[in-house]
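**Student:** The primary structure of each chain is shown beneath.
Number of protein chains: 2
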Amino acid sequence: MNGAQSLVRTLLAAGVDTCYANPGTSEMHFVAALDTTPGMRCVLGLQENVVTGMADGHFRMSGKPACTLLHCGPGLANGWANLHNARRAGSGIVNLVGDQATWHRPHDAPLTADTEGLARAVSAWVRTSTRAAEVGRDGVAAVQAARSANGQVATLILPSDTCWDEGGQVADPLPPVPPGAPDPHAVQAVARALRSGRRVLLLLAGAALLAPGQALAWRVAQATGVQLMADYAAARVARGQGRLPLRRVPYNTDQAVQALAPYDEVVLVNAKPPVGFFGYPGKPSRQTRPDAVFHVLSRPEQDALAALQSLVDELGAPETPLPEAGPAPEPGHGAPTPEGLARTVAALMPEQAIVCDESVSYGRGFYPHTVAAAPHDWLHLLGGAIGSGMPMATGAALATAGQRRVINLQADGSAMYTLQALWTQARERLPVTTVLLNNRSYKILLGEYQNVGATPGPTAMGMLDLGRPDIDWVRLAGGLGVEAARAQTLEACADLMATSFRRDGPFLIELMV
Amino acid sequence: MNGAQSLVRTLLAAGVDTCYANPGTSEMHFVAALDTTPGMRCVLGLQENVVTGMADGHFRMSGKPACTLLHCGPGLANGWANLHNARRAGSGIVNLVGDQATWHRPHDAPLTADTEGLARAVSAWVRTSTRAAEVGRDGVAAVQAARSANGQVATLILPSDTCWDEGGQVADPLPPVPPGAPDPHAVQAVARALRSGRRVLLLLAGAALLAPGQALAWRVAQATGVQLMADYAAARVARGQGRLPLRRVPYNTDQAVQALAPYDEVVLVNAKPPVGFFGYPGKPSRQTRPDAVFHVLSRPEQDALAALQSLVDELGAPETPLPEAGPAPEPGHGAPTPEGLARTVAALMPEQAIVCDESVSYGRGFYPHTVAAAPHDWLHLLGGAIGSGMPMATGAALATAGQRRVINLQADGSAMYTLQALWTQARERLPVTTVLLNNRSYKILLGEYQNVGATPGPTAMGMLDLGRPDIDWVRLAGGLGVEAARAQTLEACADLMATSFRRDGPFLIELMV
Numbered sequence: 109m110n111g112a113q114s115l116v117r118t119l120l121a122a123g124v125d126t127c128y129a130n131p132g133t134s135e136m137h138f139v140a141a142l143d144t145t146p147g148m149r150c151v152l153g154l155q156e157n158v159v160t161g162m163a164d165g166h167f168r169m170s171g172k173p174a175c176t177l178l179h180c181g182p183g184l185a186n187g188w189a190n191l192h193n194a195r196r197a198g199s200g201i202v203n204l205v206g207d208q209a210t211w212h213r214p215h216d217a218p219l220t221a222d223t224e225g226l227a228r229a230v231s232a233w234v235r236t237s238t239r240a241a242e243v244g245r246d247g248v249a250a251v252q253a254a255r256s257a258n259g260q261v262a263t264l265i266l267p268s269d270t271c272w273d274e275g276g277q278v279a280d281p282l283p284p285v286p287p288g289a290p291d292p293h294a295v296q297a298v299a300r301a302l303r304s305g306r307r308v309l310l311l312l313a314g315a316a317l318l319a320p321g322q323a324l325a326w327r328v329a330q331a332t333g334v335q336l337m338a339d340y341a342a343a344r345v346a347r348g349q350g351r352l353p354l355r356r357v358p359y360n361t362d363q364a365v366q367a368l369a370p371y372d373e374v375v376l377v378n379a380k381p382p383v384g385f386f387g388y389p390g391k392p393s394r395q396t397r398p399d400a401v402f403h404v405l406s407r408p409e410q411d412a413l414a415a416l417q418s419l420v421d422e423l424g425a426p427e428t429p430l431p432e433a434g435p436a437p438e439p440g441h442g443a444p445t446p447e448g449l450a451r452t453v454a455a456l457m458p459e460q461a462i463v464c465d466e467s468v469s470y471g472r473g474f475y476p477h478t479v480a481a482a483p484h485d486w487l488h489l490l491g492g493a494i495g496s497g498m499p500m501a502t503g504a505a506l507a508t509a510g511q512r513r514v515i516n517l518q519a520d521g522s523a524m525y526t527l528q529a530l531w532t533q534a535r536e537r538l539p540v541t542t543v544l545l546n547n548r549s550y551k552i553l554l555g556e557y558q559n560v561g562a563t564p565g566p567t568a569m570g571m572l573d574l575g576r577p578d579i580d581w582v583r584l585a586g587g588l589g590v591e592a593a594r595a596q597t598l599e600a601c602a603d604l605m606a607t608s609f610r611r612d613g614p615f616l617i618e619l620m621v
Numbered sequence: 109m110n111g112a113q114s115l116v117r118t119l120l121a122a123g124v125d126t127c128y129a130n131p132g133t134s135e136m137h138f139v140a141a142l143d144t145t146p147g148m149r150c151v152l153g154l155q156e157n158v159v160t161g162m163a164d165g166h167f168r169m170s171g172k173p174a175c176t177l178l179h180c181g182p183g184l185a186n187g188w189a190n191l192h193n194a195r196r197a198g199s200g201i202v203n204l205v206g207d208q209a210t211w212h213r214p215h216d217a218p219l220t221a222d223t224e225g226l227a228r229a230v231s232a233w234v235r236t237s238t239r240a241a242e243v244g245r246d247g248v249a250a251v252q253a254a255r256s257a258n259g260q261v262a263t264l265i266l267p268s269d270t271c272w273d274e275g276g277q278v279a280d281p282l283p284p285v286p287p288g289a290p291d292p293h294a295v296q297a298v299a300r301a302l303r304s305g306r307r308v309l310l311l312l313a314g315a316a317l318l319a320p321g322q323a324l325a326w327r328v329a330q331a332t333g334v335q336l337m338a339d340y341a342a343a344r345v346a347r348g349q350g351r352l353p354l355r356r357v358p359y360n361t362d363q364a365v366q367a368l369a370p371y372d373e374v375v376l377v378n379a380k381p382p383v384g385f386f387g388y389p390g391k392p393s394r395q396t397r398p399d400a401v402f403h404v405l406s407r408p409e410q411d412a413l414a415a416l417q418s419l420v421d422e423l424g425a426p427e428t429p430l431p432e433a434g435p436a437p438e439p440g441h442g443a444p445t446p447e448g449l450a451r452t453v454a455a456l457m458p459e460q461a462i463v464c465d466e467s468v469s470y471g472r473g474f475y476p477h478t479v480a481a482a483p484h485d486w487l488h489l490l491g492g493a494i495g496s497g498m499p500m501a502t503g504a505a506l507a508t509a510g511q512r513r514v515i516n517l518q519a520d521g522s523a524m525y526t527l528q529a530l531w532t533q534a535r536e537r538l539p540v541t542t543v544l545l546n547n548r549s550y551k552i553l554l555g556e557y558q559n560v561g562a563t564p565g566p567t568a569m570g571m572l573d574l575g576r577p578d579i580d581w582v583r584l585a586g587g588l589g590v591e592a593a594r595a596q597t598l599e600a601c602a603d604l605m606a607t608s609f610r611r612d613g614p615f616l617i618e619l620m621v
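Listed in order, the protein sequences are those of chains A and B.
Take the first sequence: its letters are residues 109 to 621, numbered as in our numbering.
Take the second sequence: its letters are residues 109 to 621, numbered as in our numbering.
Simulated from the structure, these hints should not be mistaken for lab results.
Watch out, some of these pointers could steer you wrong.
[To be verified] Short, incomplete list of chain A residues facing chain B, as computed with Cβ under 8 Å: (1) V139; (2) L152; (3) N186; (4) A562; (5) G587.
[Unchecked claim] Which chain A residues stay away from chain B? Per the calculated CB distances, all over 10 Å, these: (6) P286; (7) A329; (8) P431; (9) P446; (10) E447; (11) P458; (12) F474.
[As the list claims (entries may be wrong)] List time: in silico EDC-like cross-link candidates among lysine to aspartate or glutamate, alpha-carbon distance up to 16 Å: (13) K380(B) <-> D411(B); (14) K551(A) <-> E536(A); (15) K380(A) <-> D216(B); (16) K172(A) <-> D125(A); (17) K551(B) <-> D573(B); (18) K380(B) <-> D216(A); (19) K172(B) <-> D125(B); (20) K391(A) <-> D273(B); (21) K551(B) <-> D578(B); (22) K391(A) <-> E432(A); (23) K391(B) <-> D125(A); (24) K551(A) <-> E591(A).
For every residue, glycine included, the Cβ atom is placed at its ideal position computed from N, Cα and C.
With the hints as extra help, turn the sequences into a complete structure.
**Tutor:** Right, dumping it as structure tokens:
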């Protein structure tokens, strides 16, 4: 048994059964091992950022790390941005990177690069295997690391001789490191704060945003009057009928400061203190009031559900039904607007849909209009590195075995980063409906430019405008094997959406906004 | 004057007049400064690897560094692979990366990443500006570094407050650091080796492969009987009528070992000892004979032309005409073959064409059939990170102001990495003819897989096959604004090529091979 075969068997034994891949020469022995060892589902992405983004979506919907297979330093670099997003989302990924043979590396061949340096800049755990006999052992350590602290990026670098040499040994799975238990003193301190009569916000992130966490948070809110809010972006939020109509911290710094101004104290439930995506001249980094007092109920690597349960127990907060969401909205009419599109999506989405939201500027106001949709999960771009939506949608569909409709609300500028994901959707016949919001510009940057206090001149407009030539998303999707059509109105969009929901495979709606 | 304005003026004063950009929020002040300070040509790429690849092509054809404009750590990561290729090609690039404001960084906002760590893994020079008053000074240091040692990647990281704060100061250009002068002892040692009667190879790289270097190398060869060969890949080789019909070291390790076996001694002219792209079980890393003796006439960072001139002088080698290339070849006929396509390209290419070669496996045999083409430059993928060809072609066309026809011989798998470059070709109306070699597979990997000693099973085929669905490059190009057509025969390819050469803008020929 060679090292590659030992690694495939080790991964399977440890419960890693999906491999998102874009292999090169140095990974050929691993690919060969996949054919001799059944059980690993392999999914090809045509660029590495598609591969890593799929693994992110996979973890978010399954809670289980997949492995990736990338080629040397440059392949890792190509997939780095969506590893960054996965790191921010707390997604567990066993990130396998093939590399030069140990004895070839000193010769500084053309593809030789600082693979470890690149990996360290984005991974919670990095190891380079040194010989075939240890690849199995390194593999279980990588799986353990990927599963730790609610989910982490663990990168295992595999010099090609560690894969092709004989002497591979299958390693037994290591016990998972569970997320940290609640701190009783923190729970008591939070309970005191909630009873203090001061204005307190419970800021929810991570597992607190899934249905069981919401139910516990609601009991706390009903018992104490504390307000609830979600982080601006979250890996996964349970939404729609039977879930809490949570507000998010706004993206815009001024709006966030205003939304957070009422609160004397902020309780963090797996959240971090809210800060802007960027600093701006004369504006604060931290969006809470300067005199706001913070309490940490649970850190991101702790168990949010256990922490909320402890708080419920400490408070003696009784069970209480969630608020009614009201009737489902009516679809929008006429020319597309953010509100109209949000209502259309909410009206039409099937039960247990998965919304992958990389709508960037267009979608900032989608939340209030989708609270009464059928129960669904909403996945955000967390790390701010655009090019996440299409791969994430693909991985989410694969992780749910095509049993749930995925709706990818996708800005055009961001979509151009990883459009190759459409090909994988077509190859795997995934039920992904992409609503491509074509505004033919980097709209968010036009706003940011105006924040600079300037009117865009010709050079700036050249950098912010995606027209000249207009990008034709129907042709691009068709070229990658995905059926597509254009919509100019919300009625046309609704018709196409409804049609796509009845099909098995992917569909792209180019909505001119 | 703010920091951004001081930087734009500083760059212009230092001769950096082209900016390849994919900006984000943290670069908006730099973009605003471009509008208030005329003189910088700005070219937008829709993904950062397009941006850095254009800058590589720009340097190769102009010998002058352009600057890039990238967004934070993930933007740098997206453009990292083509920076790696540029590093291997010895291309000078002033790589500007905007980042979080100095006082915002400690808050670990979502887009915060280890930008310096990423940069160090690919740059010869890295600096993070700390305040507006020093951005100009840092800028000239970056330009100096980019121009040193024949060309390097110099990364300047710009926290956004260093751009928007007032107090910017324009800095005077620093004197360029010229490439190292020849070492007289090395020249004498090489001259002795050439007179020794042993079988000697002069291995040429870098500037030795341009026309003046070739003329000098040919004088050495005629005076001493030394054999000449080029590195497998080179940043730029002058080829065609009136240039040397140089052989390259083969890619395949067995063939390379065979080609290099005759030589007792190898003289390196800006080349490194030839090694395989990858190590293989039971095969050597170094492709020369184990007992071969190496001489270094000039290191990659030295002046190859001066070194060759010194050698000519030391040998007293007289001027001598280059060998005749013979008549131009006839175009190929019928179904595409590598040889037939090479002959077709050679027969049709206009004078001073630029061939950007990312043909990967298909194009390994193109060289012998193109020696008698019109004079042209041939640009290779140097670092082995695929996704270089289309951006490089775009940058090469921009650097030559659209005055030279660019022919991009482009493999399909690699093209999928950076197809966004087509949009920039359309926007800038660049004379780029892309011959897209569509074999619907990662053909090179099929070969490498068979080297593993295995027959690809279904899993392996799933990783190596780009069919299911077939990618339609005519639609993809059309979606990005580039006119395109499919060819099934070499005659049809020749017709489309000739038509495209008469036009101003880009054209893509999808050649089914």
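**Student:** It remains to establish, for every hint, whether it holds in the given structure.
**Tutor:** Status of each hint after checking the structure:
Contact between V139(A) and chain B, as hinted, is supported at the beta carbon level, the nearest pair being about 5 Å apart and thus within 8 Å. The beta carbon of L152(A) comes within 5 Å of a beta carbon in chain B, closer than 8 Å, and the hint placing it at the interface holds. Hint status for N186(A): holds, given a least beta-carbon distance of 5 Å to chain B, under 8 Å. Taking 8 Å as the C-beta contact cut-off toward chain B, the hint placing A562(A) at the interface holds, the least distance being around 5 Å.
Of the supplied interface hints, the one on G587(A) holds, with its beta-carbon coming within about 4 Å of a beta-carbon of chain B, less than 8 Å. The claim that P286(A) lies off the interface holds: its Cβ sits roughly 25 Å from the closest Cβ of chain B, which is beyond the 10 Å cut-off. Interface exclusion of A329(A) from chain B stands, the closest Cβ pair being 27 Å apart, more than 10 Å. Its beta-carbon lying about 30 Å from the closest one in chain B, P431(A) satisfies the requirement of being farther than 10 Å from that chain.
Distance check on P446(A): its Cβ is at least 20 Å (rounded) from any Cβ of chain B, clearing the 10 Å threshold; non-interface status holds. For E447(A), the condition that its CB be more than 10 Å from all CB atoms of chain B holds, with the nearest at approximately 25 Å. Here P458(A) stays apart from chain B, with its beta-carbon at least about 25 Å from theirs, past the 10 Å limit. Listed as outside the interface, F474(A) is consistent with that label: its C-beta sits roughly 19 Å from the nearest C-beta of chain B, beyond the 10 Å cut-off.
Note on K380(B) and D411(B): the hinted pairing holds, with a Cα-Cα distance of about 15 Å set against a maximum of 16 Å. The hinted pair formed by K551(A) and E536(A) fails the criterion: a straight-line CA distance of about 32 Å is larger than 16 Å. At roughly 10 Å between alpha-carbon atoms, K380(A) and D216(B) fall within 16 Å of each other, so this suggested pair holds. Note on K172(A) and D125(A): the hinted pairing holds, with a Cα-Cα distance of about 9 Å set against a maximum of 16 Å.
With a CA separation close to 8 Å, the supplied pair K551(B) and D573(B) stays within the 16 Å bound. Of the pairs offered as hints, the one joining K380(B) and D216(A) holds, with about 10 Å between alpha carbons and a cut-off of 16 Å not exceeded. Straight-line distance between C-alpha atoms of K172(B) and D125(B) comes to about 9 Å, which keeps the hinted pair within the 16 Å bound. Between K391(A) and D273(B) the alpha-carbon distance is near 14 Å, which keeps this suggested pair within the 16 Å criterion.
Note on K551(B) and D578(B): the hinted pairing holds, with a Cα-Cα distance of about 15 Å set against a maximum of 16 Å. Annotation: proposed proximity of K391(A) to E432(A) is violated, straight-line Cα distance about 38 Å (limit 16 Å). A threshold of 16 Å between alpha carbons decides the hint, and for K391(B) with D125(A) the separation of about 34 Å lies outside it, so the pair is violated. Taking the CA atoms of K551(A) and E591(A), the gap is about 26 Å. The hint is violated against a cut of 16 Å.
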